[in-house]
Amino acid sequence: MSTLDPALGTGKLADDTAQLDEVWSSPPGLYGWLTEVNHRRIGRRYIATGFALFLLAGLEALAIRTQLAVPENDALGPEIYRQVFTMHGATMMFLFAVPIMIGVGIYLVPLMIGTRDMALPRLNAFGYWIYLIGAITLYTAFILGVAPNSGWFNYPPLSRREHELSIGIDVWVVVVVLLEVAALVGAVGLIVTILKQRAPGMSLNRMPVFVWSILVMGFMIVFAMPTLMTTTIFLGMDRMVGAHFFDPAGMGDPLLWQHMFWYFGHPEVYIMFVPGLGMVSMVIATMCRRPVFGYTAVVLSLVATGVLSFGLWVHHMYATGLPRLGTSMFTAASMLVTIPTAVQFFCWTATLWGSRPRFTVALHYVLGFLLIFLIGGITGVQLGAVPFDLQVHDTYFVVAHFHYVLLGGVVFPLFAGIYYWFPKVTGRMMSEPLGKVSFWMMFLGVHAAFWPQHHLGFMGMPRRVYTYLPEMGWTQLNLLSTVGAFTIATGVGVTVVNLLVSARRGSPAGNDPWRAESLEWATSSPPQRYNFRFIPTVRSRAPLWDADWNEQPLVVGLRDDQREALSTSILDARPDHRAILPGPTLVPFFAALAASVPVVGVLFGLHWVPIGGALFFIAISAWNRPHHLPHRMEEESGREHRLAEQEREREEERQ
Amino acid sequence: MAMRSPSIRLAPSLAACALAGCTGTGVQDVLAPAGPQAARIAAWFWFSFALAVAVFVAFAAILFWGLFRAHRRHLRGEDTELPDKHGNRLVIWGGVVIPTVILLALLVFSAYTDRMISRLGRGPGEKPLTIEVVGEQFWWQVRYLDPEHPHREFITANEIHVPAGRPVRLLLKSRDVIHSFWVPNLNGKQDLVPGRTNDLVVQVDDPGTYRGQCAEFCGVQHAKMAMLVVAHPPREFDAWWESQLRPHAPPSDPEAARGEEVFMTNGCGTCHSIRGTLAKGTVAPDLSHFGSRRTVAAGTLPNTKGHLGGWIADPQAIKPGNRMPPVPLKGEELRALVSYLHSLK
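Line by line, the protein sequences are chains H and F.
Using this note's numbering, read the first sequence as starting at 1 and increasing by one per residue.
Using this note's numbering, read the second sequence as starting at 656 and increasing by one per residue.
The shape of chain H in the complex, shown without the other chains (with noise of 0.2 Å):
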């Protein structure tokens, strides 16, 4: 047999399609719309608002830069200059960039690991409703022009009611819990569909380093996570019913925010960038048509940079006034999180070396971010040192340098997944000229844009200030910088310009335009409803590379009059059971309107915490009625996994 699918060409066969088409497809129209469980439809919405949001977060960078860059400019003023820089902060790192990674994750891991669906479809889609309303509530409040105002780190006591009493916090509480409460979903679900969904064969030890990466990111959300939840509800709760967490004078601590709320922030930066990384290994991969060198050294690095992540908060704190010693030793932890960067990069350097790369798009975005985020990190390790980071915390240096680690760490890994994965996604390529043309316009962005803030910083240019006195010598280089940020928008307004036009008239792109390794090519482009009609076997890392890879058995047995995954062991995927998973349901919805209800009620009153605590439990008593438990494998149908027989004999045969 030499395609994935045995079943082309059989008339029976032909009929379970069109029956697994039905079983996976949702009602028309609207009401299909809402009740859509299915992992790529919910995917490709986080990337699609994830996306528009970071268009948003674009267009206030360009805003501040307009501000700055002249001095003394009243382009915005002081008032809606805090509240601009807190929406870009805001919507980056809590709106934008952890969202869309979980996004990706959610569209490409079941293609990846050879499922089809998510393991927990309903709450993979209240996850992304309660994303939802925690962006138009934000955006809300900012047409309104009550947005929240004190920085995306909204310290204490400033944003306390005695001295901020604009409703703008206590909408960014709201928000951020919201958030908080969807990234846990999303994490959840993508670890549990990781851990056991894996097509059979497919052993820790053989996932694509994607994969790896967004497990990472998922037990990284899990731990840093619900600390900011519960920093975010004290804040909530000193503003809300005057409690006194962090007001000295009722014995509470301003301090305390910032160990809570940084535990969190520091770990968020590599939320953000692992997948990052994660997706820098697939494209290198592809594109110098190898594996990556050294795969146990990389998934080993990616596991040791989210682990040490959480030790190094301290860092954002040495002006705080903490014992030296202690920051001593942070210092240290914060330099030590700089080796499994560099052996990541030295995989990759070997890679490239030892190959003949196509130089494409992606891998252009892909080297881009090799040398920004080198820059990115070269700065980092110069701030972990105690000393140097007192002079420069604050200033426009560390503004330079997060946005190289963050340019480069999490939007070029993107673009470059973008122009990647565009073809699987539509059927259609992205046009490379466009594409190269983007990618040149961002680069040099970058560097007009952000060098020249590392010499502000030096200047004594501190951060979140609305403007500057001429006398102070920082207009030629300002200027420069919003020069930059233009270019850098501009860049990026020709991968949108190239991605709706590719979408409608880009050459047809076929099941496997890269010729890439993983199991997410194994399908048509844009894959069918259900992913794989056949879940396929693994046997290497780069099953698609295998000579034998058509003879390799595929699973039958799965039913095709209703929904349903095969479910494997965690360590070495062996199959386990067949798990059934929902249909399209509007409990989802109900249940992410019905949490809202107490989240953003409290905005109008602490009535609407009870009446929505009640809502809420009866749409879980929905969601959980007995008809929608997903039950374990039964042999009713009489079909059998053949190929897990199969492939266990082969097992035992080669032992």
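Treat each hint with caution, since some may be false.
What the hints assert, rightly or not - The following label-pair restraints were derived from C-beta to C-beta distances:
id: 1; chain 1: H; residue 1: W451; chain 2: F; residue 2: Y767; range: 36 to 46 Å
id: 2; chain 1: F; residue 1: I753; chain 2: H; residue 2: E162; range: 48 to 58 Å
id: 3; chain 1: H; residue 1: E22; chain 2: F; residue 2: E733; range: 51 to 61 Å
id: 4; chain 1: F; residue 1: R830; chain 2: H; residue 2: N205; range: 35 to 45 Å
id: 5; chain 1: F; residue 1: R830; chain 2: H; residue 2: K436; range: 55 to 65 Å
id: 6; chain 1: H; residue 1: N205; chain 2: F; residue 2: H726; range: 28 to 38 Å
id: 7; chain 1: H; residue 1: S25; chain 2: F; residue 2: A716; range: 18 to 28 Å
id: 8; chain 1: F; residue 1: A904; chain 2: H; residue 2: R324; range: 43 to 53 Å
id: 9; chain 1: F; residue 1: T852; chain 2: H; residue 2: L325; range: 12 to 22 Å
id: 10; chain 1: H; residue 1: N205; chain 2: F; residue 2: A716; range: 26 to 36 Å
id: 11; chain 1: F; residue 1: A972; chain 2: H; residue 2: R324; range: 36 to 46 Å
id: 12; chain 1: F; residue 1: R777; chain 2: H; residue 2: E162; range: 30 to 40 Å
id: 13; chain 1: H; residue 1: G326; chain 2: F; residue 2: T852; range: 15 to 25 Å
id: 14; chain 1: H; residue 1: N205; chain 2: F; residue 2: G732; range: 32 to 42 Å
Said to hold, decoys possible - Simulated coverage check for chain F against chain H, where a stretch passes if three residues somewhere in it have a Cβ under 8 Å from a Cβ of chain H:
id: 15; stretch: 750-758
id: 16; stretch: 847-853
id: 17; stretch: 868-877
Said to hold, decoys possible - Just some of the chain H residues that point at chain F, by a computed CB distance under 10 Å:
id: 18; residue: P78
id: 19; residue: F85
id: 20; residue: G252
id: 21; residue: P254
id: 22; residue: F293
id: 23; residue: A319
id: 24; residue: T320
id: 25; residue: P340
id: 26; residue: A342
id: 27; residue: F346
id: 28; residue: C347
id: 29; residue: W353
id: 30; residue: V381
id: 31; residue: F397
id: 32; residue: F458
It should be emphasised that the hints constitute simulated quantities derived from the structure, not laboratory data.
Note that the structure is a prediction, hence the values are computed from the model and not measured.
Beta carbons are placed, not taken as given, at the ideal position from N, Cα and C, and that holds for glycine.
Fit chain F to the given chain H structure using the hints.
Here is chain F on its own, set in the frame of chain H:
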């Protein structure tokens, strides 16, 4: 908000700053140290910068040289696969060994720098001059402490006068939100956290004026919360201290006397204080000896009659969101008030 701030020019005080020895390209320059601590930090930076350049150039060279070589070998039809042995060597040396050595060097030098900086003015028997700085939205209260002679203590605002060549210990407090005290030419920053007292020791090498600015976002006028550090030769500093302790003398000039009356009858004294008068407010800058200060509105404007008048007439136009209420005064009253404040030398 389309509030047009008046053209703000600090030229006089900044020119003085430049003459007095602020060097470098900016007036707040980390890399133009005017004190031993900033000098040590700058030295650490230049060391790390040299390493950074070496690391970047080396990595870029390895990456592109390898790509070029692989391409050439491919053209010659040779196998481009990198033997595992070479790849492992690349990863172990480039990813582990060399970074570890570089990081250790940076770590040791950083710890040494930190120690040298922290030591200044804290040795046994050293008694640095102690000044308390309290951060406020959006200005600085400065209290000169003399524990042995409490009657010699006094309060000023927005200007910190210090003797050159001697360590000065700053006790940093905040009355409202978190601020951060930062004079880049002298030393790194230190936060002023409500409920805590932090301290920072600075030492200025040469007499001169150095500008500093709040570095932690503290509200709508964070951008305009600056201060000047004025370093005097030690003897001149003692004279300055004495001059600050001189009691308030009723103004001799009739316009200034009229101004004092305006000050006292318009409620200015509920927020501001002038030592030796009935004005004893504590929520706004102390105005004793205000006439000798270089700036108004916390480093925002040079202290000329015109700017002072403009500030009193409409403070919200200059720093929107600051805490000073508008004071409706007739032109004659305003002129008198300005003369009075300028007479407080």
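Status of the hints after comparison with the structure:
| no. | hint | in the structure |
| --- | --- | --- |
| 1 | H/W451 <-> F/Y767: 36 to 46 Å | 30 Å, violated |
| 2 | F/I753 <-> H/E162: 48 to 58 Å | 52 Å, holds |
| 3 | H/E22 <-> F/E733: 51 to 61 Å | 55 Å, holds |
| 4 | F/R830 <-> H/N205: 35 to 45 Å | 59 Å, violated |
| 5 | F/R830 <-> H/K436: 55 to 65 Å | 56 Å, holds |
| 6 | H/N205 <-> F/H726: 28 to 38 Å | 32 Å, holds |
| 7 | H/S25 <-> F/A716: 18 to 28 Å | 55 Å, violated |
| 8 | F/A904 <-> H/R324: 43 to 53 Å | 47 Å, holds |
| 9 | F/T852 <-> H/L325: 12 to 22 Å | 19 Å, holds |
| 10 | H/N205 <-> F/A716: 26 to 36 Å | 34 Å, holds |
| 11 | F/A972 <-> H/R324: 36 to 46 Å | 44 Å, holds |
| 12 | F/R777 <-> H/E162: 30 to 40 Å | 36 Å, holds |
| 13 | H/G326 <-> F/T852: 15 to 25 Å | 18 Å, holds |
| 14 | H/N205 <-> F/G732: 32 to 42 Å | 35 Å, holds |
| 15 | 750-758 | holds (count 5) |
| 16 | 847-853 | holds (count 5) |
| 17 | 868-877 | holds (count 10) |
| 18 | P78 | 5 Å, holds |
| 19 | F85 | 9 Å, holds |
| 20 | G252 | 8 Å, holds |
| 21 | P254 | 6 Å, holds |
| 22 | F293 | 5 Å, holds |
| 23 | A319 | 5 Å, holds |
| 24 | T320 | 5 Å, holds |
| 25 | P340 | 8 Å, holds |
| 26 | A342 | 4 Å, holds |
| 27 | F346 | 4 Å, holds |
| 28 | C347 | 6 Å, holds |
| 29 | W353 | 4 Å, holds |
| 30 | V381 | 7 Å, holds |
| 31 | F397 | 8 Å, holds |
| 32 | F458 | 5 Å, holds |
In the structure shown, a violation is registered for the earlier hints numbered 1, 4 and 7, in ascending order.
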